[in-house]
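These protein sequence lines are chains Z and U, in that order. Going by numbering that gives the first Met the number 0, the residue at position 114 of the first sequence is 113; the numbering climbs one at a time, nothing skipped. Going by numbering that gives the first Met the number 0, the residue at position 301 of the second sequence is 300; the numbering climbs one at a time, nothing skipped.
Note that these hints are calculated values from the structure, not bench results. All values derive from a computational prediction rather than experimental measurement. Just to be clear, a hint being listed does not mean it is correct.
The list makes no distinction among identical chains, and a pair is therefore deemed to hold if it is satisfied within one copy or across any two copies.
[To be verified] Here are the simulated DSBU-like pairs of lysine-lysine, each with C-alpha atoms no more than 35 Å apart in a straight line:
{"no.": "1", "residue 1": "511", "residue 2": "364"}
{"no.": "2", "residue 1": "182", "residue 2": "230"}
{"no.": "3", "residue 1": "360", "residue 2": "74"}
{"no.": "4", "residue 1": "579", "residue 2": "506"}
{"no.": "5", "residue 1": "230", "residue 2": "37"}
{"no.": "6", "residue 1": "42", "residue 2": "86"}
{"no.": "7", "residue 1": "86", "residue 2": "427"}
{"no.": "8", "residue 1": "37", "residue 2": "361"}
{"no.": "9", "residue 1": "441", "residue 2": "86"}
{"no.": "10", "residue 1": "310", "residue 2": "360"}
{"no.": "11", "residue 1": "248", "residue 2": "230"}
{"no.": "12", "residue 1": "42", "residue 2": "427"}
{"no.": "13", "residue 1": "377", "residue 2": "427"}
{"no.": "14", "residue 1": "364", "residue 2": "391"}
{"no.": "15", "residue 1": "271", "residue 2": "511"}
{"no.": "16", "residue 1": "361", "residue 2": "506"}
There are 2 protein chains.
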Amino acid sequence: MVPTDGSMVRPISRGLTLRAFIIWCILLPFIGISSGAKTRHFKWEVEYMYWSPDCIEHVVMGINGQFPGPTIRAKAGDTIVVELTNKLSTEGVVIHWHGIRQLGTPWADGTAFISQCAINSGETFHYRFKVDRAGTYFYHGHLGMQRSAGLYGSLIVDVAEGEKEPFHYDGEFNLLLSDWWHKSVHEQEVGLSSIPFRWIGEPQSLLINGRGQYNCSLAAQYSNTTSSQCKLRGNEQCAPQILHVRPNKTYRLRVASSTALASLNLAIGNHKMVVVEADGNYLQPFAVNDLDIYSGESYSVLITTDQDPSKNYWLSLGVRGRLPATPPALTILNYQPISASKFPTSPPPVTPRWNDYDHSKKFSKSIFALMGSPKPPKSYDRRITLLNTQNKIDGFTKWAINNVSLALPPTPYLGSIKYGLRNAFDQKSPPENFPNSYDVMKPPINPNSTTGSGVYMFGLNTTVDVILQNANALSDNVSEIHPWHLHGHDFWVLGYGEGKFSAKDEKKLNFKNPPLRNTAVIFPYGWTALRYVADNPGVWAFHCHIEPHLHMGMGVVFAEGVHHVKSIPNEALSCGLTAKFLNKKG
Amino acid sequence: MVPTDGSMVRPISRGLTLRAFIIWCILLPFIGISSGAKTRHFKWEVEYMYWSPDCIEHVVMGINGQFPGPTIRAKAGDTIVVELTNKLSTEGVVIHWHGIRQLGTPWADGTAFISQCAINSGETFHYRFKVDRAGTYFYHGHLGMQRSAGLYGSLIVDVAEGEKEPFHYDGEFNLLLSDWWHKSVHEQEVGLSSIPFRWIGEPQSLLINGRGQYNCSLAAQYSNTTSSQCKLRGNEQCAPQILHVRPNKTYRLRVASSTALASLNLAIGNHKMVVVEADGNYLQPFAVNDLDIYSGESYSVLITTDQDPSKNYWLSLGVRGRLPATPPALTILNYQPISASKFPTSPPPVTPRWNDYDHSKKFSKSIFALMGSPKPPKSYDRRITLLNTQNKIDGFTKWAINNVSLALPPTPYLGSIKYGLRNAFDQKSPPENFPNSYDVMKPPINPNSTTGSGVYMFGLNTTVDVILQNANALSDNVSEIHPWHLHGHDFWVLGYGEGKFSAKDEKKLNFKNPPLRNTAVIFPYGWTALRYVADNPGVWAFHCHIEPHLHMGMGVVFAEGVHHVKSIPNEALSCGLTAKFLNKKG
């Protein structure tokens, strides 16, 4: 695999001579100084608090009294240390650093039951990892549905000192997108695990940087909505964060979606957006009027403030892919020096029709890697096909992959695989395909499926192809969007297609300039083809990033080269069978 | 100390000769058979579920799909094994066996951060303990406010095979009392830890065996209430459990209170109750028209069905000690063969006025041990006085004992004391008294207090006197009832008094026939004097049994002879510093 990150460290162990290694070691301190790499320490406490994200007060999960959590800002090459104390009364907690590949630190990936034990109430865990590559990232809880409860924040990595982005901008804004329910996450979880099944429903609000308006509309005066015009002074927790710009400049908007459910579309009145980055990877720039963004994705877009400078403009965010029951989130692009409280002259941009999948597919298929980006290996060593189905298990509604619904074991895989604890999870490898006769266009003939905790084991440096195959859900004529997110890696998105993936689709795959991503969507009744190199020793979740879907079993676990993983901190292993093993081992 | 349990095992190690010991060893198997002692195994799973305890659906914490949890029924001398699996998604869990002294098994007491690590999500813990003495007990969660969430059930211990209770009855009923809020416990907890402080308020309903009626009244037709008459078929989750009796019989009512807050009063129309047991100890029988019962207490009362057999009668349960905002819980005493649906001819008994403390004190002071019960040692080795105050810490509202508000450390004391881990908690012993100048009749002059995790350490077999001293809360003219519950022991209740305990009160203490209890109330502006022998190696919580008060720091920790504790199971220690210690120790 061609390294995608330009880091100095990884190639060393591969092919350099001893002489080069010694020189490198001598130079290392100087490189360190010249690159300005820093270790950045953060001390965080997670706890519940009352908050009004959408002007209605509810309980949210906050960090250091903030919602969303504090933004981490670092430079490529920096080391981040987060000393995380769990101040929750009864719950465990972990934090996943979404998009950070955790090269060499798989135990810091922050996935409960996979990379570490949940941090117990009252205890402190030390996340320590390198942000090796500039980009727009975020972090979030990865235990139960704590992300839905509000446990998320931004992680922005700038280029290293002396480096430059391959595009110019005069200023930037950071927009972390999310969706919000008034029913507590605890109750949502119970509903999902009840008979009869109780779906969480559509979100009450969409939030931009944790701010939305439920009981009023910023743009009521333009529409025939029943909502009243918001009367906000600006200092409320739910007041929109205004984007103050100056005319004739270029701004970078960093946009990341931490939604629990909603696929989103973002548009700015009168302004085109040039898409330049996705999930920490540079793209071949392309212009759009509106941006589709699925949960788990991030983008950077450039906007030029070349419109009438006597006006302000709407930024609007709406729901895609599900019949929307949620009003758009809005904020204002304010052309200074005019007042931010001057209303735009036109109504906010309207989101494309929720089921206009052609629009979505057109957007996804416009995404290519920036010229000169790493290319995928020409062939794969192993290909697995993952059929996405909705199923029933003992009367419970679940999602399953190749007929197995993921049930995470109490002992995290990283430790149990490393120490060969064979009782910790299903030792049988899960299926790599599904029966050829399966009709993806119809509800399953036999909806019953089973739970499992098996792992797909890959030899280190295996080139893996994953074909994500969508299908009909339990109800007739329903096939949903699922954004799949891979931990510990980026993958090349080789292509999207309709119906069942077959040999003839092979030829349509893009090996020339496929984008590197960590999240890729499967469209209803379609497939998505991914390729990645299993070159990062560890155990990695690969799952639908829709929070309730993951909770219902929609994920798989990949492992590679775990015996190469060194020095897992004990604090990551102090539960279940690894705790017992360490006791015996001493 | 005179053993209170009549067990065969404990005296052996004290004073018997070797010869007697050998004889005893030979006889042991036969004693075992003749006593019929059994090991009773239970396999439980704790999870949230939808339930309608008061006809309104909410989320409750259930065991094996039941609310309240399954009733454990055993005989004195039996061993109980509960294999408890935590099926909660993000929360830990423990279960405390309220009233069981855990002689020799302090690690099975089920107090998170004190006797064991919380059982992590997905994991199983094995409680194994002996129920050495007949009585009416219950069990409940002891982490965060999980008891309030519905994690409780009954534990009834009958006399050993061939033994007899010191009173006769023809049948029995078991009534587990609780209170219920519509606001989730998660949100209640956040409110208690918020600035400004948000009190949980009065319960929406009182429950008898998990059953109450919020939106209707069983007795609407008798009163000028605005509630409508309940229309229940009897198979609803909220339908009252009818007490079916036959005329001219004697019935034992076992009554235990697991309320989060409410002090209760129970009465049965036209029927006197003879109180015969409290907290697993026999009482000198006395008759009452109504029974006060505080959270953490249990009683057995005998009723004789000597009333007009052509009628049914109300059993009514109301709130005491706080201005009530909760309707009474009701059920029917049904004289068979007449129909249970025949309404009593009179309205339900009315609870005494909430602040008629004279009534409450008269009841408490009528409780004496059954003649022949173990008597307290004549003098104490050490006396500590515990001042109960409401305080402020960094703007948060707390309860404190001698100006220290209990903040439990992440590493359970039992392990950290046993292994000498001095960083695990405050090594300084908490204060044993309060300044003489403190005016218990007025709000604190300086309301600020501190949190602490210190432990009162007692030498094994020390006779300890505890003077619980009530005081004025933060507001003028407010002093609340607090039922204090001791783990691992019973104590003798030597007396109750008004104002500040002083030398002159000493003479009024009852050393002749004080009742043995595990829970004793302090009345507003009063004191309660207790004596117990610290003869049970372990670490034991002593706390106000009002769930939000404990959550706000109203408790202390007692430890005695921890170095005598043998073979703490690793599963009780696999967190915090004990996990680290065991890793190193191997």
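Measure nothing new, just compare the shortest in-copy and cross-copy C-alpha distances for residue 364 and residue 391 to 35 Å and report within, between, both or neither. Classified as within; 34 Å inside a copy, 60 Å across copies.
Tell me, please, which holds for residue 579 and residue 506 at an alpha-carbon limit of 35 Å: within, between, both or neither? neither (51 Å within a copy, 55 Å between copies)
Could you place residue 511 and residue 364 in one of the four classes (within, between, both, neither) given a Cα distance threshold of 35 Å? within (14 Å within a copy, 89 Å between copies)
Is the C-alpha distance from residue 42 to residue 86 at most 35 Å within one copy, between copies, in both cases, or in neither? Both ways: residue 42 and residue 86 sit 13 Å apart in one copy and 31 Å across, limit 35 Å.
Is it within, between, both or neither when you check residue 377 against residue 427 at 35 Å Cα-Cα? within (30 Å within a copy, 67 Å between copies)
Identical-chain pair category, residue 230 with residue 37, by Cα at 35 Å: Neither. Shortest intra-copy (44 Å) and inter-copy (70 Å) distances fail the 35 Å Cα cut-off.
Intra- versus inter-copy proximity for residue 427 and residue 86 (alpha-carbon distance at most 35 Å): This pair counts as between: shortest inter-copy Cα distance 24 Å, intra-copy 38 Å.
Classify it for me, residue 361 with residue 506: is the Cα-Cα distance of at most 35 Å met within a copy, between copies, both or neither? Answer is within; shortest intra-copy Cα gap is 19 Å, inter-copy 91 Å.
Is it within, between, both or neither when you check residue 37 against residue 361 at 35 Å Cα-Cα? Classified as neither: same-chain Cα gap 41 Å, cross-chain 71 Å, threshold 35 Å.
Is it within, between, both or neither when you check residue 182 against residue 230 at 35 Å Cα-Cα? Both. Shortest intra-copy (25 Å) and inter-copy (29 Å) distances satisfy the 35 Å Cα cut-off.
My question is about residue 310 and residue 360: at a cut-off of 35 Å on alpha-carbon distance, are they close within one copy, between copies, both, or neither? within (33 Å within a copy, 75 Å between copies)
For the identical chains here, do residue 441 and residue 86 meet the 35 Å Cα criterion within one copy, between copies, both, or neither? This pair counts as between: shortest inter-copy Cα distance 34 Å, intra-copy 47 Å.
Of the hints listed earlier, those the structure fails to meet are numbers 4, 5 and 8, in rising order.
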